[in-house]
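Just so you know, the protein sequences line up as chains C and H, in that order.
For the record, in the first sequence the residue sitting at position 217 is 861 according to the numbering used here, with numbers rising by one throughout.
For the record, in the second sequence the residue sitting at position 271 is 273 according to the numbering used here, with numbers rising by one throughout.
A portion of the hints provided could be inaccurate.
In silico lysine-lysine, PhoX-like type, Cα no more than 25 angstroms apart, as pairs [as the list claims (entries may be wrong)]:
{"#": "1", "chain 1": "C", "residue 1": "938", "chain 2": "C", "residue 2": "794"}
{"#": "2", "chain 1": "C", "residue 1": "877", "chain 2": "C", "residue 2": "804"}
{"#": "3", "chain 1": "C", "residue 1": "719", "chain 2": "H", "residue 2": "95"}
{"#": "4", "chain 1": "C", "residue 1": "692", "chain 2": "H", "residue 2": "254"}
{"#": "5", "chain 1": "H", "residue 1": "95", "chain 2": "C", "residue 2": "736"}
{"#": "6", "chain 1": "C", "residue 1": "667", "chain 2": "C", "residue 2": "692"}
{"#": "7", "chain 1": "H", "residue 1": "21", "chain 2": "C", "residue 2": "692"}
{"#": "8", "chain 1": "H", "residue 1": "155", "chain 2": "C", "residue 2": "692"}
What the hints contain is simulated information worked out from the structure, not anything from laboratory work.
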Amino acid sequence: MPKHIFRLVSLILGLIVVAVIAKPFLTVDSFYRFGHYRANAVPEIAAKAPVLQTARYCRDCHTERHALWSAGSHKSVTCEICHGAAQGHTDKNKLPIPKDSLKLCTLCHEAMTGRPSTQPQIQLPKHNPGQQCIVCHNPHSPKIVANAIKVTGDAAAGKKRAEDCAGCHGAEGNSPNDTWPNLAGQSAAYLARILGAYKSGDQKNEIMSPLASDLSPADVQNLAAYFASVPCKPTPPAVKPVGNGAAGKVLAENCIACHGESGLGANPAWPKLAAQKPGYLVNVLKAFKAGLRKDPMMAGVARGLSDTNMADLAAYYAAQSCQPTK
Amino acid sequence: MNKDDSKPTLTARRAFLGKLGGAATCAGAAVGVAALGVIPAIAAKPEGAPAGAAASGASFPTKDYDWSKHQWGFGVDATKCIGCLRCVEACKKENSVPQNAHQFRTWVERYVHIEGDPEVHIDSQQDPVNIAASGSEKEFRFANRYKDAKVEKAFFVPKLCNQCSHPACVQVCPTGATFRTEDGVVLIDSTYCIGCRYCVQACPYGARYFDEDRGVADKCNWCYHRVTKGLNPACVEVCPVGARVFGDQKDKQSPISLFIRNNRVQVLRPETGNAPNVFYVGIDKEVN
Numbered sequence: 645m646p647k648h649i650f651r652l653v654s655l656i657l658g659l660i661v662v663a664v665i666a667k668p669f670l671t672v673d674s675f676y677r678f679g680h681y682r683a684n685a686v687p688e689i690a691a692k693a694p695v696l697q698t699a700r701y702c703r704d705c706h707t708e709r710h711a712l713w714s715a716g717s718h719k720s721v722t723c724e725i726c727h728g729a730a731q732g733h734t735d736k737n738k739l740p741i742p743k744d745s746l747k748l749c750t751l752c753h754e755a756m757t758g759r760p761s762t763q764p765q766i767q768l769p770k771h772n773p774g775q776q777c778i779v780c781h782n783p784h785s786p787k788i789v790a791n792a793i794k795v796t797g798d799a800a801a802g803k804k805r806a807e808d809c810a811g812c813h814g815a816e817g818n819s820p821n822d823t824w825p826n827l828a829g830q831s832a833a834y835l836a837r838i839l840g841a842y843k844s845g846d847q848k849n850e851i852m853s854p855l856a857s858d859l860s861p862a863d864v865q866n867l868a869a870y871f872a873s874v875p876c877k878p879t880p881p882a883v884k885p886v887g888n889g890a891a892g893k894v895l896a897e898n899c900i901a902c903h904g905e906s907g908l909g910a911n912p913a914w915p916k917l918a919a920q921k922p923g924y925l926v927n928v929l930k931a932f933k934a935g936l937r938k939d940p941m942m943a944g945v946a947r948g949l950s951d952t953n954m955a956d957l958a959a960y961y962a963a964q965s966c967q968p969t970k
Numbered sequence: 003m004n005k006d007d008s009k010p011t012l013t014a015r016r017a018f019l020g021k022l023g024g025a026a027t028c029a030g031a032a033v034g035v036a037a038l039g040v041i042p043a044i045a046a047k048p049e050g051a052p053a054g055a056a057a058s059g060a061s062f063p064t065k066d067y068d069w070s071k072h073q074w075g076f077g078v079d080a081t082k083c084i085g086c087l088r089c090v091e092a093c094k095k096e097n098s099v100p101q102n103a104h105q106f107r108t109w110v111e112r113y114v115h116i117e118g119d120p121e122v123h124i125d126s127q128q129d130p131v132n133i134a135a136s137g138s139e140k141e142f143r144f145a146n147r148y149k150d151a152k153v154e155k156a157f158f159v160p161k162l163c164n165q166c167s168h169p170a171c172v173q174v175c176p177t178g179a180t181f182r183t184e185d186g187v188v189l190i191d192s193t194y195c196i197g198c199r200y201c202v203q204a205c206p207y208g209a210r211y212f213d214e215d216r217g218v219a220d221k222c223n224w225c226y227h228r229v230t231k232g233l234n235p236a237c238v239e240v241c242p243v244g245a246r247v248f249g250d251q252k253d254k255q256s257p258i259s260l261f262i263r264n265n266r267v268q269v270l271r272p273e274t275g276n277a278p279n280v281f282y283v284g285i286d287k288e289v290n
């Protein structure tokens, strides 16, 4: 073999030998154990601590809230979606409570092209525009359920029993003054509920509570049936309401969902407001704001109303006709 | 010096050196062959302690989780997706993905057919219109841009890494930084990645991205750190409508096994031969 070929071959063989000897020293620990990769990378990746903790983690401390949430319509919306990842959350390191519910809730609930119809969606301009969602919807159990009490009372029996009510609420439920509300034509389910609440003590009022405690459950049903059946003939207010009805009309757009167009009622569970006494309406709104009347939705609504707002709303509803335009 | 004297001496010297060199080469070859057997054993011992543990049959990768007992799969029900992008948000938090709309491990696409327009309109959270609607690069929201259009058909499709059985990205990786585990997940060893981006280019689904800050390629790994602890991936955990399904295909009653059995499922781009493991329900002809 020519010398130059021999030297070339020797050189190549020499390099191969050097490479073979050096390779095990240059290959890092667990490479080639399972394949062409560093096997120890797998436990390293698996060892990372999870950031999202899941709702089970929240349940340990927030038991009641968790129970409410897991029974409601938001049970598929985990806590960490709205409150952020719970890793590192302790009593000292609190998770944020979202401030702008309108921005947050509409991420999922804004009516949008492409969303399946199974998803509850709202048209933003038509659904209390600009109002925060949590005013009416509890984010942990957002579905608004109106439980209208079934009223099977006897209106004739109720009429007899109602003779005692005329002193304040007027003959046939048309109140003669500004403080005590009209009852004529009011929703039967609402009347039954509120009378029942006065009777049971859920709702307290200096005048109504002792009166309601004298009523039997049958009386409550009968009275509700009677007043609902009476046509409303409201007396015009003795003094012109101080509020601005036009401003009240604008505010009342946010009330239509529950109280109906011009307060004529949307759901029998909630009271009609049309032609109601303005003084009474203002007092009730103040009572909601102060927590004297208990309704989580109305409490949220009233919190956002100033005294001027309340006067305007009362003036608006007082001016409405209680007869629905057929 | 006598010319006749030096010539034979020179030649003799050269001949002697040549024989010496030959002998040295033979000896070296002999040593090298011996080293072939001995050196790997010596080199493996100091770093090989974990390797030793599994060689004895213990559970890998952790003592509580044995990868040979699972085969993970993922399902996407595009008929349920509402495009809320909470999955994108959760994934970024869970996996420290850069907080912008263009680097993501998972994403959602929206397909819209407008009346009279033969072309389908596709956008995702990285569309500038949607970035503007969300308020910042760090928040994610689809803009309601088609609300005044005559839309014939529209739907959302969430997408992520398909953790293919024959991944193109693994095949092209020059260093062995990306690989497929025995439980069916394609992982990235970011200490070994050199940042050549060949895998980003090779993936037919666009599932990979390059993380400039760390200088490595990255992608969804089905939250392997959660899955090995018995949890669901973050995106599956937060999806409020159940559009994402995850489970162990070895378990016949797992959510993914039931999903595949009860639905007509399909995969994206089967013709590439990657054999993806994310199964879709409710996608349309132009989704790929």
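If you check each hint against the structure, which ones fail? 4, 6, 7 and 8
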